[in-house]
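Two chains, two frames, a set of hints: combine them into the complex.
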Amino acid sequence: MMRVKSMVQHGTAQAVVLAVVVFVVALAGHVPLGLAAALGAIMIAYGLLLLLGGRSEFISALARPSEDERTFAVHLRASAVAGNVLVAVIVAAFLVELARGDQNPQPWMQLGALFGVCYLAAALWFVRRG
Amino acid sequence: MRNRVRELRADHGLSQGDLAQRLGVSRQTVNAIETERYTPSLPLALGLAAFFEVSVEYLFFAPQHTNGNTGGKT
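Top to bottom, those sequences are chains A and B.
Note that my numbering numbers the first sequence so that position 74 is 74, with each residue one more than the last.
Note that my numbering numbers the second sequence so that position 57 is 187, with each residue one more than the last.
Pulled out of the complex, with its shape left as it was, chain B reads as follows (with noise of 0.2 Å):
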């Protein structure tokens, strides 16, 4: 699953480890969310988008996705 939460974290010029704390996780688990090693469960993922005040889709894209949805932000 892509995502954009690599882009949205450093733009809040927060580390892996920061956000890691802010949402209750491990910073390996930020981690593997931004390599699209790791596909979060629904409430982490509701969780992050709450957190960046983007919706989930905007967020969280299927590959073939990659520059269609920009109008997700809230």
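If we strip away everything but chain A, and leave its shape as in the complex, we get (with noise of 0.2 Å):
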């Protein structure tokens, strides 16, 4: 009981069923057996090298988030890098669809918008709650 509640505290638990979800979905999408087992093998290293990261400041950062409020802040500014690393390649890719003539590049304009909805949306919420 307790190394099933140590999984789920360190992530790992939530990586294994990402890595089934990942394996069945694939299979079902008629992905060759060895990709399939391949994306869900790359999940499940990833669970274990939270479990057993040992010492690492790091990847106890990864596995626990939310264990204080500095961890928390440093996952809130990683999100935020991340977020900006992202947008920045999908304006890049939106221009160079734009630029080769394509009038509707898909998905970059999809994704341009949702991201642009989900910052006024999520900037309005923490406006209003101070």
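Treat the hints as calculated values from the structure; they're not laboratory data.
Heads up, some of the hints might be wrong.
To be verified - To give an idea of the interface, some chain A residues facing chain B are shown, with a C-beta separation under 7 Å as derived from the structure:
(1) E57
(2) D68
(3) R70
(4) E97
As the list claims (entries may be wrong) - Far from chain B, by Cβ distances over 10 Å, these chain A residues were calculated:
(5) A26
(6) S60
(7) L62
(8) Y119
Stated by the list, open to error - Every beta carbon over 10 Å from chain B, so not counted as near; a handful from chain A, in silico:
(9) G34
(10) A63
(11) T71
(12) A73
(13) A80
(14) V81
(15) V85
(16) A93
(17) R100
(18) D102
(19) N104
(20) W108
(21) L111
(22) R128
(23) G130
Ideal Cβ positions, reconstructed from N, Cα and C, are used throughout, including at glycine.
Structure follows, in structure tokens:
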């Protein structure tokens, strides 16, 4: 029981569940068995890394982002950096497709719109909540 | 943000792990505060000040006021 609790706390159980979901969905999509297994194995390897990370502060922050306020702050800032990089790539890809004459550059246009709507909604929420 | 956490922790004979456990944070967080790599939230700063029985202003201070605030001990 304690082992299961520890795996949930470290995010390993969630990674294993995601591995199974990825594996099943890949098989349902007629992805070759070897590739489906490899995709699942990547998630399981990540889960094991979280569980067996030992004394590494970096692994600990990945495994338990809400452990304390500093770890949570690291998580928020890392998410913001990753989000900014992602939106920069989306905008760049959108512009490249537009320059190539694509008048409906999918999926970049939809992804950019989704990011914008989510950002505005979140900003409104946090402004109102102070 | 400069602070006197390391100094006060040493005065109380506590390790970083001991202090972290009493405050409900990780040892790395205490280390980051002591080495001025992390400025704690107001609730944690208040918790630290209450634990050491000093004022927040005594515990944390701006770099230009390194020696100015000596009367904050409660």
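For each hint, the structure was consulted:
About 5 Å separates the beta-carbon of A/E57 from the nearest beta-carbon of chain B, less than 7 Å, and the hint is met. Hint on A/D68 holds. Least Cβ distance to chain B is approximately 4 Å, under the 7 Å limit. Contact between A/R70 and chain B, as hinted, is supported at the beta carbon level, the nearest pair being about 4 Å apart and thus within 7 Å. The criterion of a C-beta within 7 Å of any C-beta in chain B is not met by A/E97, whose closest approach is roughly 42 Å, and the hint is violated.
With a closest Cβ-Cβ approach of about 37 Å to chain B, A/A26 is found to remain outside the 10 Å limit, as its non-interface label requires. The beta carbon of A/S60 sits about 8 Å from the closest Cβ of chain B, which is not more than 10 Å, so the claim that it is off the interface is violated. At roughly 13 Å from the closest C-beta of chain B, the C-beta of A/L62 stays outside 10 Å, upholding its exclusion from the interface. No Cβ of chain B comes within 10 Å of the Cβ of A/Y119; the nearest lies about 24 Å off, and the non-interface call holds.
With 10 Å as the threshold on Cβ separation, the claim that A/G34 sits away from chain B holds: the shortest Cβ distance comes to roughly 40 Å. Every C-beta of chain B lies more than 10 Å from that of A/A63, the closest at about 12 Å, which supports listing it as non-interface. Listed as a non-interface residue, A/T71 fails to keep its Cβ farther than 10 Å from every Cβ of chain B; the least gap is roughly 7 Å. At roughly 8 Å, the least C-beta separation between A/A73 and chain B is not larger than 10 Å, which violates its mark as non-interface.
With a minimum CB-CB distance of about 17 Å to chain B, A/A80 clears the 10 Å threshold, and the non-interface call stands. With a minimum CB-CB distance of about 17 Å to chain B, A/V81 clears the 10 Å threshold, and the non-interface call stands. With a cut of 10 Å on Cβ distances, A/V85 stays outside the contact zone with chain B, its closest approach being about 24 Å. Annotated as non-interface, A/A93 keeps its C-beta farther than 10 Å from every C-beta of chain B; the closest such distance is 36 Å.
With a minimum CB-CB distance of about 46 Å to chain B, A/R100 clears the 10 Å threshold, and the non-interface call stands. The Cβ of A/D102 lies farther than 10 Å from every Cβ of chain B, with a closest approach of about 46 Å, so its non-interface assignment holds. In this structure A/N104 is separated from chain B by more than 10 Å, as the shortest Cβ-Cβ distance comes to about 46 Å. Interface exclusion of A/W108 from chain B stands, the closest Cβ pair being 37 Å apart, more than 10 Å.
Here A/L111 stays apart from chain B, with its beta-carbon at least about 34 Å from theirs, past the 10 Å limit. The beta carbon of A/R128 sits about 21 Å from the closest Cβ of chain B, which is more than 10 Å, so the claim that it is off the interface holds. Distance to chain B confirms A/G130 as a non-interface residue, since its nearest Cβ pair spans about 14 Å, more than 10 Å.
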